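No gaps in the numbering here: position 42 of the sequence shown is 42 in this note's numbering, and each next residue is one more.
In case anyone wonders, no lab produced these hints; they're calculated from the structure. In this text, all values refer to a predicted model and were calculated from it rather than measured experimentally. Even glycine gets a Cβ: it sits at the ideal position worked out from N, Cα and C. Careful, some of the hints might be misleading.
[Said to hold, decoys possible] Label-pair ranges, simulated between beta-carbon atoms:
#: 1; residue 1: E520; residue 2: G480; range: 41 to 49 Å
#: 2; residue 1: V386; residue 2: G51; range: 50 to 58 Å
#: 3; residue 1: P230; residue 2: W148; range: 46 to 54 Å
[What the hints assert, rightly or not] Here are the simulated DSS-like cross-link-like pairs (lysine-lysine), alpha carbons at most 27 Å apart as the crow flies:
#: 4; residue 1: K237; residue 2: K446
#: 5; residue 1: K237; residue 2: K547
#: 6; residue 1: K205; residue 2: K79
#: 7; residue 1: K237; residue 2: K178
#: 8; residue 1: K79; residue 2: K212
#: 9; residue 1: K178; residue 2: K79
#: 10; residue 1: K237; residue 2: K205
#: 11; residue 1: K522; residue 2: K545
#: 12; residue 1: K205; residue 2: K178
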Amino acid sequence: STPLYSSAASDVYKRQRRGPRDGGRAGGRRMRLATAADIRRLDERAEEEFGISRALLMENAGISVVLAMERVLGPLEGKRVTVFCGKGGNGGDGMCAVRHLVSHGASVVAGLVGGREGLSGETLANWTILDRMGLTPRDVRGEEGLPWARAAAGAADYVVDGLMGVGSRLPVTGLMEKVILAVNECGRPAVSIDVPSGLDVDTGKVPGACVKAALTVTLGLPKRGAVLYPGTLYVGKLVVADLTFPAALLADPAIMADVLLPEEAAQLVPVRHPQAHKHGVGRALVVAGSRAMTGAALLSGEAALAGGAGMVYLAAPESAAALLHGVRPELLIRPQPETPGGGLSEAAVDGLLAFSARMQSVAVGPGLGLEETTRRAQVKLLETIVAPLVADADALTALAALPEPPKTAGPRVLTPHSGEMARLIGSTVEAVEADRMDAARRCSEKYGSVAVLKGARTVVAEPQGRLFVVPTGNPGMASGGTGDVLTGLIAALLAQGLPALSAAILGAYAHGLAGDIAREEKTEMGLTATDVLASVPKAFQRLLKSK
1 STPLYSSAAS
11 DVYKRQRRGP
21 RDGGRAGGRR
31 MRLATAADIR
41 RLDERAEEEF
51 GISRALLMEN
61 AGISVVLAME
71 RVLGPLEGKR
81 VTVFCGKGGN
91 GGDGMCAVRH
101 LVSHGASVVA
111 GLVGGREGLS
121 GETLANWTIL
131 DRMGLTPRDV
141 RGEEGLPWAR
151 AAAGAADYVV
161 DGLMGVGSRL
171 PVTGLMEKVI
181 LAVNECGRPA
191 VSIDVPSGLD
201 VDTGKVPGAC
211 VKAALTVTLG
221 LPKRGAVLYP
231 GTLYVGKLVV
241 ADLTFPAALL
251 ADPAIMADVL
261 LPEEAAQLVP
271 VRHPQAHKHG
281 VGRALVVAGS
291 RAMTGAALLS
301 GEAALAGGAG
311 MVYLAAPESA
321 AALLHGVRPE
331 LLIRPQPETP
341 GGGLSEAAVD
351 GLLAFSARMQ
361 SVAVGPGLGL
371 EETTRRAQVK
381 LLETIVAPLV
391 ADADALTALA
401 ALPEPPKTAG
411 PRVLTPHSGE
421 MARLIGSTVE
431 AVEADRMDAA
441 RRCSEKYGSV
451 AVLKGARTVV
461 AEPQGRLFVV
471 PTGNPGMASG
481 GTGDVLTGLI
491 AALLAQGLPA
501 LSAAILGAYA
511 HGLAGDIARE
521 EKTEMGLTAT
531 DVLASVPKAF
541 QRLLKSK
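From just these sequences and the hints, can you work out the full model?
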């Protein structure tokens, strides 16, 4: 995997930290993720409120692209670079980059897809400068322009993609599609300006031809689509270029999505007082398991221990509880009435409600079963328990079957995978995966809960509309039981006093990081939930080092 951000991101990140705070609801400033609409608004506000012209922003973009290329790819002197430009602002950025590439000693040719007719504003101004310098971009028109485009791309050391901007219509068709294919087929590293051309900047979808970049120099703020799959597969190494937007603009509260950085996740890790005792660092109740699914209960319970809860009680149906006794001495097993099929009985509800009043957090769902009485029991627990509660697996299936979202007595964190999410919001798996951020937002808003949409990449949403992308995790975690580990981990963090949103994003981050550490030791092939669980303490250790 390539890094999500280069060191250049830290410059923008530090400037964001100096901006107005959002109340620290989930640990303070993070790297914000912009939509196309966000970027248009930032450009307009920069000019209207601060007098920062679009021409200056374009100049900063051109400089930033070249500096990033030199920093990541090495010295440019003597290198052959082909720059493909479109007619819009992205093409203007590319034309500006041509001048700075030349000043760094590169040998540069530029192609203008569609020809110079219709150029306007800052893009026309940069074309005129190049023309006067004797660097006139070659018009690439129709089929007759493609041989030159293919030859120019193939003869270069690097190809710069300034073809399309954040507001482009997709999928790409016609001549532009053929030029993008030429860039991908030339065998030379491509550098995309802002986003790879052909990528949906808001969702990460790739509906047609898209530049497969080795390096993307994103302008001002990273775009949502660049950190979501499949878009992230086209981005290569992502460098965030500082266009000198004032900090007040970068902190715009209308930008609703962030990506969690390691130093910010580290700030959320609970710190124990030197005189801490087991009851003072959180009592967590895990309601999980059935006769056929003891593993789910054990993984969730052990994850709650690994996440730092001082006391972890595991409530399981009687036959499952008998199998779990003594397997992990630190787990306090509480047998519950069960159905003939070995699932949780509705008769267990009153006792669990009374016991939960002594808990700082509760987790419900992993492996409990889907018999009708078990479903009713889970819904009653979700509705009535006052303590912060994590709902997963069978509890989510029971919740999705209700005609209306229930009123709940306390904070809730829902942790669906895409199939469960589809049922919760009345959608399809395909639609959820097509726009993971929107699906998480809809779920959180519908149920008035923090929603954690598991997958690549995990997205966390809160009812007020804020979204968080978790950059940790890997395909090896596509293994049974890893979601149960996440459930117990979030329950542990809730038990230690973290608000629901903070517990969800730290739990998801640490869970993914544990998977990444396990992959370092065992590779992705054959990675198991037990491997992830064993790496949870190492994940927290690594986070605290970054702090």
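Structure-based check of each hint:
Checking the proposed 41 to 49 Å range against E520 and G480 shows it is violated: the Cβ atoms sit about 21 Å from each other. In this structure the hint that V386 and G51 lie 50 to 58 Å apart at CB holds, the actual value being about 53 Å. Checked against the given bound of 46 to 54 Å, the beta carbons of P230 and W148, roughly 31 Å apart, lie outside it. Only pairs whose Cα atoms come within 27 Å are accepted, and K237 paired with K446 is rejected, the gap being roughly 36 Å.
Between K237 and K547 the alpha-carbon distance is near 24 Å, which keeps this suggested pair within the 27 Å criterion. Between K205 and K79 the CA atoms are separated by roughly 33 Å; this puts the pair beyond 27 Å, and the hint is violated. A C-alpha spacing of about 24 Å is found between K237 and K178, which places the hinted pair at or below 27 Å, so the restraint holds. A distance of roughly 21 Å separates the Cα atoms of K79 and K212; the hinted pair therefore holds under the 27 Å criterion.
Among the hinted pairs, K178 with K79 is consistent with the structure: their alpha-carbon atoms are about 25 Å apart, no more than 27 Å. Pair hint K237 plus K205 holds up; C-alpha atoms about 18 Å apart against a cutoff of 27 Å. For the suggested pair K522 and K545, the alpha carbons sit about 23 Å apart, so the restraint of at most 27 Å is met. Pair hint K205 plus K178 holds up; C-alpha atoms about 19 Å apart against a cutoff of 27 Å.
Figure legend: structure checked against the earlier numbered hints; hints not met, in rising order: 1, 3, 4 and 6.
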